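J.: Residue numbers (the working numbering), protein chains in the order written: chain P, 1 to 651; chain X, 1 to 156; chain E, 1 to 183.
Think of the hints as simulated: they come from the structure by calculation, not from any bench. For clarity, every value in this text was computed on a predicted model and none was experimentally measured. From the three backbone atoms N, C-alpha and C, an ideal C-beta is built for every residue, glycine too. Possibly wrong hints are sitting among the right ones.
[Stated by the list, open to error] The list that follows gives simulated cross-link-like pairs (lysine-lysine, DSSO-like), each with its CA atoms no further than 30 Å apart:
1. 46(E) - 74(X)
2. 651(P) - 90(X)
3. 74(X) - 53(X)
4. 177(E) - 90(X)
[Unchecked claim] Counterexamples of contact, computed for chain P against chain E with all Cβ distances above 10 Å:
5. 77
6. 95
7. 236
8. 295
9. 329
10. 374
11. 376
12. 522
13. 542
14. 626
[Claimed, not checked] Label-pair restraints from in silico Cβ distances:
15. 94(X) - 44(E): 24 to 30 Å
16. 168(P) - 67(E): 48 to 54 Å
17. 411(P) - 56(X): 52 to 58 Å
18. 57(X) - 531(P): 27 to 33 Å
19. 81(X) - 168(P): 49 to 55 Å
20. 40(X) - 628(P): 39 to 45 Å
21. 417(P) - 24(X): 23 to 29 Å
22. 80(P) - 21(E): 47 to 53 Å
23. 57(X) - 231(P): 32 to 38 Å
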Amino acid sequence: MIAEIGLAVLWMAAALAVLQLFAGFSALRPGGKALAGVVRPLAVMQGLLVALSFMALIDLFLETDLSVKLVAANSHSMKPFIFKLAGTWGNHEGSMLLWVTIMAVSGGVVALVEKRLREDTLIATLAGQAFVSLGFYAFLLLSSNPFERLPEPAPEGMGLNPLLQDVGLAFHPPTLYVGYVGLSVAFSFAIGALITRDVGPAFARAMRPWVLGAWIFLTIGITAGSYWAYYTLGWGGWWFWDPVENASLMPWLAATALLHSASVLASRNALRAWTVMLGVIAFSMSMVGTFLVRSGILTSVHAFAVDPERGSFILALLAIYIGGALVLFGVRANTVTEGERFSLVSREASLVFNNVMLCGILAIVLLGTLYPLMTEAFGAKVSVGPPYFNPVGAIFALPMMVMMAVGPLLRWRRDNPSRISATVAVPALASALALLAVVLLAPGINLLPMLGLAVGAGLALASWLPLRGRNLRRTPLSVWGMVVGHFGLAVALIGAASESAFSTERLAAMNVGDRQSVGPITLRLESIEPVAGPNWTALEATISASYKGGAPVTLHPQARTFSSPPGERTESALHTRWNGQLYAVLGNEGDDGRWQMRFWWKPFVPLLWLGGLLVAFGGLLALIGRVAQDVKRLRVNDKIAFRKARQEALK
Amino acid sequence: MNSTTSTGGIKPKHQRLVLLVIALVALIGAGLLAAYALSNQASYFYVPADLVKVPPEQGRAIRLGGMVEKGSLKTRPDGITIDFVVGDGKARVPVRYTGITPDLFVEGSGVVAEGRMEGNVFVADNLLAKHDENYVPRQMGDMSAEQIKQVVAETK
Amino acid sequence: MTAETPRRAGLAMWLPLALFGAFLALVIWGLYRPANTEVASAFIGKPLPQFDLPAATDDRPGLSSAQMQTGKPRLLNVFASWCVPCAVEAPQLEALRRHGVEIDGVAIRDRKADLDRFLATYGNPFARIGRDDLSEVQVGIGSSGVPETFVIDGKGVIRYQHIGEIRAEDVPMILAKLKEAQS
């Protein structure tokens, strides 16, 4: 019964989306004002219905209703609660339903709370949102119905694959997903503003919290994904420039640029057409990412269920929405009037510089990701890796980070470089000292990590300077957010540069009892013993490690053999200290009975992920600050309106 | 498309033009830089026959795909460096690798090695043996059935 | 100059669309390019080559090409006990057998003891199992790896080749291919 309700409600929501599109469309035509009033309620209703439908699916999974095909194929009555829950979106149909749910619910929220935007722009936005979600409704209802029943209930579900019961796997994909879909709201706003030629500060303010929210999720998703790859692949690296990783990085780059250009538009009414363009690009990068990952068009080191047919569906949607938006942009962009002017030395100019740099990195990542496909069209087979991405990306990233240190200190519109030169001298000195220290103490490290350390040190200091001379209690949260976010990026940069500059590696064949050393750490292989887990058996090494002769700690890297489904995997072991991480991998047994072991000492590498989390935290602070500000403004406006009404009444 | 549609008056579109030019220059710069770097840094895929026929530059990053010849796998005394021969039925290339071999790496399996030529030896930084029981690596799809037959016969 | 600038700016506004068009053309080509992962689609529509394989286990007979022409479509599964995905597809083969499909197996370069253990662990859906120590049948029917599954029609002609393991969602498709092969 629940399944039928869920499906019926989903159909109703799709019907409402059609209505929303047409009502919105005709409300914007001359003489269609009558319909304008129904668009908001329709959007709210649609959001509620889809949420209901998604809850129905969650309920089916929690109850393990085995007469539903999706549940029987992906769940099992013995699964722990949390994995039953995660099973809801851990499959194609469920994840599509999650996609439309986030989309429709955010549309509903926009309809409910957005009061600053001109009414016709809001209606156009909601119509755009309905248009985008319709494609996904069609996909869901016509080719991947999540509520499909089996002719006969299955005796038991098939989804007790313990390999997939991993909390990281359960929450990492939906985190990225929320980020992707959140950018669709920004996209709809951009479309709405283009249609009604209303590209202005109000549009940017309305869009900004959605971009911020999506960006926070993307940041967390990328950080977690990077740590996960570092930990599970056992290769000691944290970023491989693999297509799947690039697919999540590209929307992040575009969203970061959008975030900053939207703030220029919101506070200074400049960069109008550029912000609209970025709104389109950010969402198209989400769809391109989803497409690249799902279609299997590029080969990846990360296992992922691919399906070319679904890939072509996403491609069709991509062509319709993004192609359509770009046509609209081509037609309308010239009618978007030029914004306020600003001088070459101003905060706007620094943000423009960084926007261009971010787009440059985006172009470089996109080209590098697609290059193997391009050369294949001409018959050559190549792969593109770090030797391309690292230096070419750095050419854009390092100047950008230098500008990040300076930009927030500049005034809007016009500034005098000499005003801030004394302030900037402090982080510049820090950079120079860091560079000097690295050159003197660690000669022979590569140029890129050297520059990374210098820029990172300067930026870490400079990111706090915007707080100088402010009353810290009365500093708006959004400023704190910026400070923490920029500081987080500096921290991550220092972690990455230090990992690449100072990592030491030791590869050895060891007998039990042998000693080795890596960096400042001495190691001893104590034993190798078989251990067993729920669905695996493993050989587990016991290693005692001591930092500079201090008290030893033990690590247990494993080589696991899984029984269902069969497979082998190395399970690396980590030991984290405040100043670095020891990474141990157990390899195979050689013919002579010695064990292959691989160790890394990676100084300050945890800063990398700590920095990523700080960036996300900065985003969160800014989001809270912005929303609180908006709520306050709304309440003040209400109060004024209320007083006015009362005065009128008294008269 | 003339000044009538613009800001509605005399305001020149100077700033927009400057911004546009900057953006275009930066993007075209990024594109050219990317194209240049890609043509230098992309690592080409070779099968042993090509590698012998048209040897790549020494030290340039390339990838080599083929079958690990049976009986060719030897571990050096240090216990972590292995030597083996990758063949495609036409040519054979000696490979050296230092590190932990992937789980699926055995004699007779397909392998893609990332690395470079040093002298006549291919020095691998990384071995990818994933899915090799399942599929021939995509890049090896061009091998003819005849070649595969030979390889299979050799690795038996 | 001033008269020209807006128009030039106007053209630039169409640049993103042009780039997007190039991207679309590239990925559409990529998506529908001839799948060169398959070495052997050339064998579809051809009759099975002549072969006569000895039995690989004690409890199932061996396999010869003549036996494949039974007038009824059947599956030919190329597998090995040392192959991980082959174990993954075992439940699906069992499901197909329960649907009344006859399945013949070819064990590639296998040892009897390993094979017996494999079949005991993951089930034995096969009617006959031939032993192919030289991969001669495998190469003869254009299979490049294990597991692969072929739909053979009643006259012994290869009608469909499935590369990689059969997943649960592939079962209906395989059944449909078998039905197709009946006509």
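J.: Please go over all the hints and tell whether each is borne out by the structure.
T.: Cross-check of the supplied hints:
no.: 1; hint: 46(E) - 74(X); verdict: violated (42 Å)
no.: 2; hint: 651(P) - 90(X); verdict: violated (101 Å)
no.: 3; hint: 74(X) - 53(X); verdict: holds (26 Å)
no.: 4; hint: 177(E) - 90(X); verdict: violated (37 Å)
no.: 5; hint: 77; verdict: holds (18 Å)
no.: 6; hint: 95; verdict: holds (15 Å)
no.: 7; hint: 236; verdict: holds (25 Å)
no.: 8; hint: 295; verdict: violated (6 Å)
no.: 9; hint: 329; verdict: violated (6 Å)
no.: 10; hint: 374; verdict: violated (6 Å)
no.: 11; hint: 376; verdict: violated (7 Å)
no.: 12; hint: 522; verdict: holds (38 Å)
no.: 13; hint: 542; verdict: holds (28 Å)
no.: 14; hint: 626; verdict: holds (28 Å)
no.: 15; hint: 94(X) - 44(E): 24 to 30 Å; verdict: violated (38 Å)
no.: 16; hint: 168(P) - 67(E): 48 to 54 Å; verdict: holds (50 Å)
no.: 17; hint: 411(P) - 56(X): 52 to 58 Å; verdict: holds (55 Å)
no.: 18; hint: 57(X) - 531(P): 27 to 33 Å; verdict: violated (48 Å)
no.: 19; hint: 81(X) - 168(P): 49 to 55 Å; verdict: violated (34 Å)
no.: 20; hint: 40(X) - 628(P): 39 to 45 Å; verdict: violated (51 Å)
no.: 21; hint: 417(P) - 24(X): 23 to 29 Å; verdict: holds (26 Å)
no.: 22; hint: 80(P) - 21(E): 47 to 53 Å; verdict: holds (48 Å)
no.: 23; hint: 57(X) - 231(P): 32 to 38 Å; verdict: holds (36 Å)
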